[in-house]
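Peer 1: Mind assembling these two chains? They're in different frames, but the hints should get you there.
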Amino acid sequence: MNRFYIADTGLFVAMGQPSNSRYQAVRRFARQNDVTFVLPERVYEELTVDDPDVEDVPVDAAIDEGWAMVATPLEFSKPIVSRVMDGIQRYIANADDRPADEVERADAALAALAAQELCMGAATEVYIYTTDIAAGEGAETVLASEGYGDSVTFVNGFRFIEDLRSTGH
Amino acid sequence: MSRTSNRANGDIVRDFLSIADLLGETQLAQLYAYLARGSEATVQDVMDDLDLAQGTAYSYVNRLVDAGVVEVTDDEQPRRYAAREIDLTVTQAGDREYTITPALIDAVGRRETNADIDTYIDRHGVAGLATALTYAVARERGEVTHRLMADDLDISPLAAEMILQALRAVVHEHYDIEEAGASLEELDIDDISADDA
Numbered sequence: 056m057n058r059f060y061i062a063d064t065g066l067f068v069a070m071g072q073p074s075n076s077r078y079q080a081v082r083r084f085a086r087q088n089d090v091t092f093v094l095p096e097r098v099y100e101e102l103t104v105d106d107p108d109v110e111d112v113p114v115d116a117a118i119d120e121g122w123a124m125v126a127t128p129l130e131f132s133k134p135i136v137s138r139v140m141d142g143i144q145r146y147i148a149n150a151d152d153r154p155a156d157e158v159e160r161a162d163a164a165l166a167a168l169a170a171q172e173l174c175m176g177a178a179t180e181v182y183i184y185t186t187d188i189a190a191g192e193g194a195e196t197v198l199a200s201e202g203y204g205d206s207v208t209f210v211n212g213f214r215f216i217e218d219l220r221s222t223g224h
Numbered sequence: 009m010s011r012t013s014n015r016a017n018g019d020i021v022r023d024f025l026s027i028a029d030l031l032g033e034t035q036l037a038q039l040y041a042y043l044a045r046g047s048e049a050t051v052q053d054v055m056d057d058l059d060l061a062q063g064t065a066y067s068y069v070n071r072l073v074d075a076g077v078v079e080v081t082d083d084e085q086p087r088r089y090a091a092r093e094i095d096l097t098v099t100q101a102g103d104r105e106y107t108i109t110p111a112l113i114d115a116v117g118r119r120e121t122n123a124d125i126d127t128y129i130d131r132h133g134v135a136g137l138a139t140a141l142t143y144a145v146a147r148e149r150g151e152v153t154h155r156l157m158a159d160d161l162d163i164s165p166l167a168a169e170m171i172l173q174a175l176r177a178v179v180h181e182h183y184d185i186e187e188a189g190a191s192l193e194e195l196d197i198d199d200i201s202a203d204d205a
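Top to bottom, those sequences are chains A and B. Read in order, the letters of the first sequence correspond to residues 56 to 224 in our numbering. Read in order, the letters of the second sequence correspond to residues 9 to 205 in our numbering.
Keep in mind that the hints are not guaranteed to be accurate.
[Said to hold, decoys possible] Here are some, though not all, of the chain A residues that point toward chain B, as calculated from beta-carbon distances under 8 Å:
{"hint": "1", "residue": "68"}
{"hint": "2", "residue": "101"}
{"hint": "3", "residue": "109"}
{"hint": "4", "residue": "186"}
{"hint": "5", "residue": "189"}
{"hint": "6", "residue": "215"}
{"hint": "7", "residue": "218"}
{"hint": "8", "residue": "222"}
Calculated from the structure, these hints are not laboratory results. We treat Cβ as the ideally placed atom computed from N, Cα and C, and that holds for glycine.
Next comes chain B alone, as it looks inside the complex (with noise of 0.2 Å):
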């Protein structure tokens, strides 16, 4: 093996190794994926939005921007800050394979705020709740139901439904996908009345 091609190997191993530690943290998730939604945004607004402290979102950037995941789009001050688009593909022993995107770190930075989630990666590992999303993707698609998912990964309908659901606001954050079905307003039922509750 050449020097270049073991230089390059290494690099490819620090990304991974900084995507890695993005999963393993999800308030580094929560910012990554925070500063993906918008095009560039200054540690003030990091704090204002995501209600950090000023230590706390300066050493979070920072870590972020030592990781190689988040880069400074412009040197004057106030620094502003922009995340690099991460599509890693990882391939397992056997021919499994799954690709990072920002769309899972994303999903990972929710479950301090989704419970579903939270078990579900409890559950099932980072790599079991890669594995939903690509299923979420798919079935807000028009591709697959839950019932295939729970079949699939021998879980029940109702916890493959659940993490479903729990995904859906990351996939349409992420992915450009029409909404299917009728309207409320095509159901033409007769007569909503304005409040009788």
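Pulled out of the complex, with its shape left as it was, chain A reads as follows (with noise of 0.2 Å):
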């Protein structure tokens, strides 16, 4: 069984810099269950943005120590992964009652990693960290259409760190 494990910008932003005990438990389970954050290219633009109103994210911190990285383009030539970025656009303007136009492609992106993965056969589950509930759960139904509703899991940023926190991670 293979997993492959999807992170979103909420799950680095969650967890604060490396100094934070949050930082060090997600990457303590990292390292005890062989997990490495797979970042799609939009997440990794998203982290690394040149604002001087935030604070920077310790993305590359989590790189460097080899339990994150950044994914490959994805390839929009597979019609599953077109097909899954348009759902997704979909699913979230209609959660707010908006053109699937205005929905930006870097919420796709997720569940287009996703699909891109399982449909090359790279992996036979995948677990999408996300802070965003809409493009979590928009990934799991759209996945769901696909065929793909056993292999795909929403996991929320904030409760994952709390319940790692609370398990004495």
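Peer 2: The following block contains the structure:
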């Protein structure tokens, strides 16, 4: 059974700096379970933006430490990747009553990456760690319609970190 | 305009101004949020829980009573105080509307202890924070993502995520929203050894 772990911006923001016990808990979880969090390119770009109003997020530290990496570009030539992108944009647009073309493609990139890994057989189970419930639930719903209902799990980034800490990680 | 409607207007303006005071002074906002969380409290409770000196606690409580947002629930000594529900909708020229709620006052009250909230108010004002809080509620309900908020408000997705996370505790304190997503147990990760850190 091959597991694939996708992480969104919110997970890294919620962990805080490497000196923070939340960061350390996630790192410990990753090392103990041989987990590498994979970030869609768009997510990595968001995390490394140069914005004077916000503190830097230590995503490069996690990459250097070997428990996070940036995904290769999505292969839009695979029909399922484009279908899932469109499906997620529709799902999120619908949740907020707005046109699908207004929905950011980065929201859909999480699920599209999951679809790509599953259809290539590179993974049999995919976990999506995000703090955007609409993106996580959308991914589960749209991938279920592609026949991958049992293979995708949305993990709420906040709940994940709280659980790790309450179980003493 | 009749005299009575003038008086009603005066009351509304008075309420509005006292609530504006609340939003302008972090410590008053903190105290209001504290009283709104519990059922009622004495000045001694306020001193103990918010770590205020007696004179300061009395002065703040009295200001909130004078402003009409806190009431005396028991006049026996020691007096007990409770927050009155605030739900004030302000409509700007045009059709922008915002609602001032205990959740917003609570959020403002946290600026002293939360650097992200403090920075956000510096950049976008209390009105901007009110907008962010609306997005924070919608996001916890699964209706919107940090990227949509960033697009709508023309800020970076990272800045949106930061303020949404900073406001999350306020949202869950004031709104009844069930937590979504799988728990650690449901993840069924085979073996998490106790401690090899």
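Peer 1: Could you tell me which of the hints above the structure violates, numbers in ascending order?
Peer 2: The structure conflicts with no hint, since it agrees with every one listed earlier.
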